[in-house]
Amino acid sequence: MSTINLTLHVWRQSGPNDPGGFKDYQAKGISTHASFLEMLDVVNEELAARGEEPIAFDHDCREGICGMCGMVVNGRPHGPQVETTTCQLHMRQFKDGDEVWIEPWRARSFPVIKDLVVDRSAFDRIIAAGGYISARTGSPRDANEIPIPKEASDLAFEAAACIGCGACVAACPNASAALFTAAKLAHLSLLPQGEPEQQDRVRKMVSQMDAEGFGHCTNHFECMAACPKGISVDYIAKMNRDFLKAMITARTDLPKREKQ
Amino acid sequence: MELRSNEPTGPIEARWDKHRFDMKLVNPANRRKYQVIVVGTGLAGGAAAAALGEQGYHVKAFCYQDSPRRAHSIAAQGGINAAKNYQNDGDSVFRLFYDTVKGGDFRARESNVYRLAQVSVNIIDQCVAQGVPFAREYSGLLANRSFGGAQVSRTFYARGQTGQQLLLGAYQALERQIDAGTVKMFPRTEMLDLIVVDGVARGIVTRDMVTGKVQAHVADVVLLATGGYGNVFFLSTNAKGCNVTASWRAHRRGAFFANPCYTQIHPTCIPVSGAFQSKLTLMSESLRNDGRVWVPKRQEDCGKDPAQIPESERDYYLERIYPSFGNLVPRDIASRRAKNMCDQGMGVGPVVDGARRGVYLDFRDAIQRLGHKAVSERYGNLFDMYERITGESPYTHPMRIYPASHYTMGGLWVDYNLMSTIPGLFVGGEANFSDHGANRLGASALMQGLADGYFVLPYTVGNYLAQVKPGAVAEDHPEVKRVVAEVEERVSRLLSIGGTRSPDSFHRELGQLIWDKCGMSRTAEGLTEALQKIPELREQFWSDLRVTGGGEELNQTLEKAGRVADFFELAELLCRDALTREESCGGHFREEFATEEGEAKRDDEHFQHVAAWQWSGDPSKPNLHQEALSFEYVKPSARSYK
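Just so you know, the protein sequences line up as chains A and B, in that order. Residue numbers for the first sequence follow my numbering, so the first one is 1 and each next one is one higher. Residue numbers for the second sequence follow my numbering, so the first one is 1 and each next one is one higher.
Warning: the hint list may mix true and false statements.
[To be verified] Only pairs whose alpha carbons sit at most 30 Å apart, straight line, appear in this in silico DSBU-like list of lysine-lysine:
id: 1; chain 1: A; residue 1: Lys229; chain 2: B; residue 2: Lys373
id: 2; chain 1: B; residue 1: Lys184; chain 2: B; residue 2: Lys481
id: 3; chain 1: B; residue 1: Lys635; chain 2: B; residue 2: Lys601
id: 4; chain 1: A; residue 1: Lys95; chain 2: A; residue 2: Lys28
id: 5; chain 1: B; residue 1: Lys184; chain 2: A; residue 2: Lys95
id: 6; chain 1: B; residue 1: Lys33; chain 2: B; residue 2: Lys297
id: 7; chain 1: A; residue 1: Lys23; chain 2: B; residue 2: Lys213
id: 8; chain 1: B; residue 1: Lys469; chain 2: B; residue 2: Lys481
id: 9; chain 1: A; residue 1: Lys238; chain 2: A; residue 2: Lys150
id: 10; chain 1: A; residue 1: Lys204; chain 2: A; residue 2: Lys95
id: 11; chain 1: B; residue 1: Lys33; chain 2: B; residue 2: Lys601
id: 12; chain 1: B; residue 1: Lys469; chain 2: B; residue 2: Lys24
id: 13; chain 1: B; residue 1: Lys18; chain 2: B; residue 2: Lys373
id: 14; chain 1: A; residue 1: Lys204; chain 2: B; residue 2: Lys18
id: 15; chain 1: A; residue 1: Lys150; chain 2: B; residue 2: Lys373
Derived from the structure by calculation, the hints contain no laboratory data. Quick caveat: nothing in here was measured; it's all calculated off a predicted structure.
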């Protein structure tokens, strides 16, 4: 088994009010079969053995689907491999002697909690604003009573594959959450079940996205390049079209529901 | 204490309907007076919290992740079973019930399993209405596949990400209720104890994982949907954070723990590649439809490039031993045979800790027969995932696989209403023991989680609440304060040991011990040895642990330490249950109880019961209670796959 040695420059920040800074660590004898997070585990065990505080980072499933992990590795969210989350990035992508810069997602709407851990609750609030189909438990009719063209269903699935990791925001020079929001909107509006609430949904989710302080999309497409699930920016164009349409045709004669 | 299942009587197909009618209802105007706590936001917890919120109860939901969308249900790949019979291939509610009881090796309660099969059809309707993008045919109707050796195509799926799509459906329903104000969500919050006042569950004590604040939440009813305990093995297909703490704390407060020895080991996982290994990744079971499992016939070939091993020197051992099922034998058999081959020194792949632990899953013949393109269409995403992790392409090299801990059928004992032995404490999903008996069928975990969450708990919890007065216990109740103080004391004790070893190093050592002695194959000798070693190791843990950092901040080492402490106690119960169950059934295989051909041998005369363990105060001396199982509709028979 081949092993490599690396020099890590890791962002350490004890809490939201600490300015934070890079600290250097040596990662020695790392197996090229280890994942990037396993490499950090090894470094953390060594730190613990010396009585130093381990590097805090978010992770859970370690199989690329929960969306909990994510750090900027050498300037790229989730690191150098395309369509790969940090937990699925393996050390064979690095060479002996490499220097590796490791930082948290950087966006005003994702405040740092500690080291590489950030607060992504803004994403939950965007979903809560309208990212659902209102289907009361137990009321639906038989599933096959709504035939859905396979193409529409497949396209909806492509959008629904988003894992909510936030790499799109971290990659965007404007820290825009357009790809995240657009993907959920597309998932739901491409399906007939999502049609009745479609206009209301796009208005509510877009305004929540803005209220959270995310920047605007200016078509850099960095989000798509960083997305571990390869979600297309075409969905952003669709969101913009749908939003415009909804603003023009909005039923202003109806009382507007106030949000907290 | 007598364990009462509280099953309805009468014809099995009418029991749930009858029970639903017999249950009491809470007036809609009164529902908002009740406080409900749901711990865990996977399929069972997320669905239950959303459904109870919709009904108008005040719900507080808790999860340790930063968002309810990340619960480990998300990682389920294969699919979800439902007795829709859309394929007109002879499926029915009764057949799904029959298959589940038989697959569970006759160690589940018939009434519960029948209800599960019944509501399975509602789950699909519900999920489609929510916008879950299941696979469809060109007609626009839902597609199905056959899964895990089932003879009918009853599995609904969304590519290899069915769990993700179902969980997002439940998560979105939950967020809708959060927006509506019926559910208050507490992410990054860990339940560290259960509050029981006068024998009734009245709330929980949590630690805010960001600020470290320990706090009590009182309620009229508590639901645990906190998943399984597969991470007791350290290496498993579970997420890193999955833990037994919520269940174990409830157990210590009086909830019986049932059948902990029923653990499921999944045969097709990527093998361990070194001492740094932090988790194991499952490769979908569907790969066995076209892949052929083999090891070299001669030990000296085990280190060779597999391409250099001629056909005549390969042992396709599953096809040899089980000519009719071949590579598609059930999970437990495929797992045990892989272990046997490696134990005999025929394993392949790199040497880790002195042994090669892996067998080949070879697609060479499938590629020759179907072509590269067809194989890529079927398994492309799995092959890519394998290559990302191992650096080898399954198109040119046979995959290497080895079994890993995947699911736990055991869990907190519950009655037909999914209520534990503590009144007011309900348990759903993988955290309870109820529906899978000694072995779970493929694509049935998602079904059970959503059945409990959407279609069982919202009724049975309402029935319970209809019989209790809201707000019986206040936050300043002396018992509430006492439990909070106990949790605080435990946290500071973990922080102050001042030893030399990390929680992970203890967890790894414990996991290795349990894997060796209480994994795929168990013996009285090995289990007795484990039962002697676990308390010794636990003692070391409590004297040589080092937790860096403080309690009033985000401290991942502290979180791990608390979880490992509980795994130590659960591990002992797991081994004791395995030692006490002197038979082989489902996922529990005792070498002493096998047929001459080495297959599992059940002992229905002595062990046709649920073993429910009661905490006694001493982790080494739990009290055993039994719930006898009877089979009126599916006659117990021996499984045969030859």
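Problem - In rising order, the numbers of the hints this structure does not comply with - result: 5, 6, 10, 11, 13, 14
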